[in-house]
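Peer 1: Sequence:
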Amino acid sequence: MTGELSVNHLADIVDESPTSISQHLARLRMSRITSWHEDTKVLYSLTDELARRLVVDATEQAEHTVGRNHDHMSTAPNEMP
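For the sequence shown, the positions run 1 to 81 when full-length UniProt numbering is used.
To be clear, the hints were calculated from the coordinates, so they are not data collected in a lab. The reader is advised that the hints may include incorrect statements.
Claimed, not checked - Computed beta-carbon distance windows for the label pairs: (1) Arg53 x His24: 15 to 21 angstroms; (2) Ser45 x Ser17: 17 to 23 angstroms; (3) Glu38 x Ala58: 26 to 32 angstroms; (4) Leu50 x Glu4: 28 to 34 angstroms; (5) Thr65 x Glu38: 32 to 38 angstroms; (6) Ile13 x Asp48: 17 to 23 angstroms; (7) Gln23 x Ser45: 17 to 23 angstroms; (8) Ser22 x Ala62: 30 to 36 angstroms; (9) His64 x Lys41: 18 to 24 angstroms; (10) Val56 x Asp12: 25 to 31 angstroms; (11) His9 x Arg53: 19 to 25 angstroms; (12) Leu43 x Asp15: 16 to 22 angstroms; (13) Glu16 x Lys41: 25 to 31 angstroms.
Here the structure is a predicted model, which is why all the values come from computation and not from measurement. A virtual CB, placed ideally from N, CA and C, is assigned to each residue, including glycine.
Construct the entire structure; sequences and hints are all you get.
Peer 2: So this is what it looks like as structure tokens:
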């Protein structure tokens, strides 16, 4: 995940409403984790390499986990396979 993305594109990726994504992006902008510019539409990008790496790693982990068998969730904590 690199480059600039619109609010609607981000909302589609994470299956959330554009309003919710916009509110999260506003907080990230205030923290200077994202930047944005407006041309014909507003595009956002991560400003920090560490933040970009965290997003990439989290996305890869989520993609890896989807569809995985979660039988371990039904076992007691001390009985992990």
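Peer 1: Is the hinted range of 26 to 32 angstroms satisfied by the C-beta distance from glutamate 38 to alanine 58?
Peer 2: 27 angstroms Cβ-Cβ, so the 26 to 32 angstroms window holds.
Peer 1: If I claimed the Cβ atoms of serine 22 and alanine 62 lie 30 to 36 angstroms apart, would that claim hold in this structure?
Peer 2: Violated, since serine 22 and alanine 62 (Cβ atoms, about 21 angstroms apart) do not stay within the stated range.
Peer 1: When you take the CB atoms of valine 56 and aspartate 12, is the distance between them in 25 to 31 angstroms?
Peer 2: 18 angstroms, violated
Peer 1: Falls inside 17 to 23 angstroms, the C-beta gap from serine 45 to serine 17?
Peer 2: With Cβ atoms ~21 angstroms apart, the hint holds.
Peer 1: Lying within 17 to 23 angstroms: is that true of the beta-carbon distance isoleucine 13 to aspartate 48?
Peer 2: Holds, at about 20 angstroms.
Peer 1: If I claimed the Cβ atoms of histidine 64 and lysine 41 lie 18 to 24 angstroms apart, would that claim hold in this structure?
Peer 2: Since the Cβ atoms of histidine 64 and lysine 41 sit about 32 angstroms apart, the hinted range of 18 to 24 angstroms is violated.
Peer 1: Is the distance from the Cβ of leucine 50 to the Cβ of glutamate 4 consistent with 28 to 34 angstroms?
Peer 2: Given about 19 angstroms between the Cβ atoms, the range is violated.
Peer 1: Do the beta carbons of glutamine 23 and serine 45 sit within 17 to 23 angstroms of each other?
Peer 2: About 18 angstroms separates the Cβ atoms of glutamine 23 and serine 45, which means 17 to 23 angstroms holds.
Peer 1: Given the hint of 19 to 25 angstroms, is the C-beta distance from histidine 9 to arginine 53 inside that range or not?
Peer 2: 20 angstroms, holds
Peer 1: Given a hinted range of 15 to 21 angstroms, is it respected by the beta-carbon distance of arginine 53 and histidine 24?
Peer 2: 19 angstroms, holds
Peer 1: Is the distance from the Cβ of threonine 65 to the Cβ of glutamate 38 consistent with 32 to 38 angstroms?
Peer 2: Between threonine 65 and glutamate 38, where Cβ atoms are some 35 angstroms apart, the hint holds.
Peer 1: Check the following: the C-beta atoms of leucine 43 and aspartate 15 are separated by a distance inside 16 to 22 angstroms.
Peer 2: For aspartate 15 against leucine 43, whose Cβ atoms are near 20 angstroms apart, the range 16 to 22 angstroms holds.
Comparing the model with each earlier hint shows violations of hints 4, 8, 9, 10, 13; every other hint is respected.
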